[in-house]
Amino acid sequence: MTHAYDISLTVNGELLTARVEARKSLVDFLRDDLSLTGSHVGCEHGVCGACTVRVNGQIVRGCLMLAVQCGGATVETIEGVSDTGEIADLQDAFEKRNALQCGFCTPGMLLTAQELLANGKTPSRDDIREHISGNYCRCTGYHAIVDAVEAVAQARNGK
Amino acid sequence: MKPAPFAYAKARSVEDAVKLLGEHGDGARLLAGGQSLMATLNMRLSQPSILIDLNGISGLDGISVENGMLKVGALVRHAAAAKSDLVAKNAPLIAMAMPHIAHPAIRNRGTIGGSIAFADPAAELPACFLALGGEAEIAGKGGGRWVKADDFFKGLYETAIGADEMLTAVRLSAATPEMRYGFAELSRRHGDYAIAGLAASARADGASLKDIRLAYFGVGLTPVRAKGAEAALAAGKIDDAVKALASDLDPPDDIQETGTVKKHLAGVLLRRVAAQLTGARA
Numbered sequence: 001m002t003h004a005y006d007i008s009l010t011v012n013g014e015l016l017t018a019r020v021e022a023r024k025s026l027v028d029f030l031r032d033d034l035s036l037t038g039s040h041v042g043c044e045h046g047v048c049g050a051c052t053v054r055v056n057g058q059i060v061r062g063c064l065m066l067a068v069q070c071g072g073a074t075v076e077t078i079e080g081v082s083d084t085g086e087i088a089d090l091q092d093a094f095e096k097r098n099a100l101q102c103g104f105c106t107p108g109m110l111l112t113a114q115e116l117l118a119n120g121k122t123p124s125r126d127d128i129r130e131h132i133s134g135n136y137c138r139c140t141g142y143h144a145i146v147d148a149v150e151a152v153a154q155a156r157n158g159k
Numbered sequence: 001m002k003p004a005p006f007a008y009a010k011a012r013s014v015e016d017a018v019k020l021l022g023e024h025g026d027g028a029r030l031l032a033g034g035q036s037l038m039a040t041l042n043m044r045l046s047q048p049s050i051l052i053d054l055n056g057i058s059g060l061d062g063i064s065v066e067n068g069m070l071k072v073g074a075l076v077r078h079a080a081a082a083k084s085d086l087v088a089k090n091a092p093l094i095a096m097a098m099p100h101i102a103h104p105a106i107r108n109r110g111t112i113g114g115s116i117a118f119a120d121p122a123a124e125l126p127a128c129f130l131a132l133g134g135e136a137e138i139a140g141k142g143g144g145r146w147v148k149a150d151d152f153f154k155g156l157y158e159t160a161i162g163a164d165e166m167l168t169a170v171r172l173s174a175a176t177p178e179m180r181y182g183f184a185e186l187s188r189r190h191g192d193y194a195i196a197g198l199a200a201s202a203r204a205d206g207a208s209l210k211d212i213r214l215a216y217f218g219v220g221l222t223p224v225r226a227k228g229a230e231a232a233l234a235a236g237k238i239d240d241a242v243k244a245l246a247s248d249l250d251p252p253d254d255i256q257e258t259g260t261v262k263k264h265l266a267g268v269l270l271r272r273v274a275a276q277l278t279g280a281r282a
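In order, the protein sequence lines correspond to chains A and B. By my numbering, the letter at position 32 of the first sequence is numbered 32, and the numbering carries on one by one without gaps. By my numbering, the letter at position 84 of the second sequence is numbered 84, and the numbering carries on one by one without gaps.
Derived by calculation from the structure, the hints in this document are not laboratory data. Just so we're clear, the structure is a prediction, and the values are computed from it rather than from any experiment. Treat each hint with caution, since some may be false.
[What the hints assert, rightly or not] With beta-carbon atoms standing in for the labels, derived distance ranges:
1. B:V65 x A:S35: 42 to 52 angstroms
2. A:G103 x B:S173: 48 to 58 angstroms
3. B:P177 x A:C102: 46 to 56 angstroms
[Said to hold, decoys possible] Pulled from the structure, derived: some chain A residues nowhere near chain B, Cβ distances all over 12 angstroms:
4. A18
5. T74
6. S82
7. T84
8. G85
9. K96
10. R97
11. Q101
12. G120
13. R138
14. Q154
[Stated by the list, open to error] The calculated SDA-like cross-link candidates involving lysine to any residue, where the alpha carbons are at most 25 angstroms apart (straight line), are:
15. B:K19 x B:R145
16. A:K24 x B:Q47
17. B:K89 x A:N119
18. B:K2 x A:V55
19. B:K83 x A:V47
For each residue, glycine too, the CB sits at the ideal point set by N, CA and C.
With the rest of the complex left out, here is chain A (with noise of 0.2 angstroms):
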């Protein structure tokens, strides 16, 4: 038996109405639904960070959150952030510093740098490892991740 349910929300600044399954995973609608395909499904029980997305401007897990929940919401993946060049300077400095290989944890990992550095401060190496910890990279071994953060931490307070 389904049940289904009508949500309406903001996907990257978009307004739509959709119908969705109860069980429908957040990253799952994003990616099956709206052909969003940046948002990644790695673990599906909240250990990998591959899915993260923002909801009303906070990092979350894709596959935690069910798209039902999501009604009223304004969500933003990474297609969005990148449509606005929000993280222009961030996706330059992870391309300079070999901070990706595979790019399969990328997404998550931008949008997760992203949020530690909104708060303005330039945090410290071990202030960056702590807010990505809950992101699996298996390619990079985190440093070229830890010095593009960095790098675009110092960069944004004109260090």
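Since the structure of chain A is already known, use the hints to place chain B on it.
Just chain B now, kept in the frame of chain A:
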């Protein structure tokens, strides 16, 4: 994996949530932050027939101080508690525990009430609640009632909350200048569930400690008070306190470690936390 199908209802109020629980019985689960529940649904460890979403209920996300007690609404998110000056000032133990709880994206969604009501034996907040001797406000058909932390945890994932009841707030004695707090946790990676952890509170009385409450997590089916160790510590005997853990605790083996290792680690944690309580260097 994907969850098995379930229906969804958004509760408009506490009364509405309690009514829905009564209507749907055992097949219903309450959805707060969902940071544990959703994972179990995705792995099909749990297959409820309906989820009752509490997130739309207003008035459950407040933090206030009333009559010397800090009251934290059940829907207060971890991130909000971590940023709260009221929590930092009146419940420093909660503030000490916060950085150990999972990761930023989880703390943005997870709730204080959800963690305590779920009562994962390896989680930080149930142990803090026990160490602080808090009280839980439980709402049911007949209205609300308060249950003391010492009477709250009944068994593995079992609490004093009845089948058609829900947790609406916790109340903690607000910190006073003579209160001391300690917190330490051992986990494989920062943010993981604890292999073993200890949350503690005590009242300083000159050079000695009184009213000591040692609440271990990750070493039993519930958070566990180590009462023998509490008594030894109150007598100023740290070595005896560590020895007392042998009869205070009986940790089962789990996926992370054997009970023997956990018991050893409990002693290590006690020395660290005792040093925090007495203000000495660990």
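Right, here's what the structure says about each hint:
1. B:V65 x A:S35: 42 to 52 angstroms: The hint (42 to 52 angstroms, Cβ to Cβ) holds, given that V65 of chain B and S35 of chain A are roughly 49 angstroms apart.
2. A:G103 x B:S173: 48 to 58 angstroms: holds (50 angstroms)
3. B:P177 x A:C102: 46 to 56 angstroms: holds (54 angstroms)
4. A18: Holds: least Cβ distance 14 angstroms, greater than 12 angstroms.
5. T74: holds (14 angstroms)
6. S82: holds (19 angstroms)
7. T84: The claim holds: T84 of chain A sits with its nearest Cβ about 20 angstroms from chain B, beyond 12 angstroms.
8. G85: holds (23 angstroms)
9. K96: holds (25 angstroms)
10. R97: holds (22 angstroms)
11. Q101: holds (22 angstroms)
12. G120: With a cut-off of 12 angstroms, G120 of chain A remains clear of chain B, as the shortest Cβ separation is near 15 angstroms.
13. R138: R138 of chain A clear of chain B: closest Cβ-Cβ about 15 angstroms, beyond 12 angstroms.
14. Q154: holds (21 angstroms)
15. B:K19 x B:R145: Roughly 17 angstroms between the alpha carbons, so the hint for K19 of chain B and R145 of chain B holds.
16. A:K24 x B:Q47: The given pair, whose Cα atoms are some 14 angstroms apart, holds under the 25 angstroms limit.
17. B:K89 x A:N119: holds (23 angstroms)
18. B:K2 x A:V55: Holds: K2 of chain B and V55 of chain A sit about 21 angstroms apart, inside 25 angstroms.
19. B:K83 x A:V47: holds (23 angstroms)
Hint violations for this structure: none, all hints satisfied.
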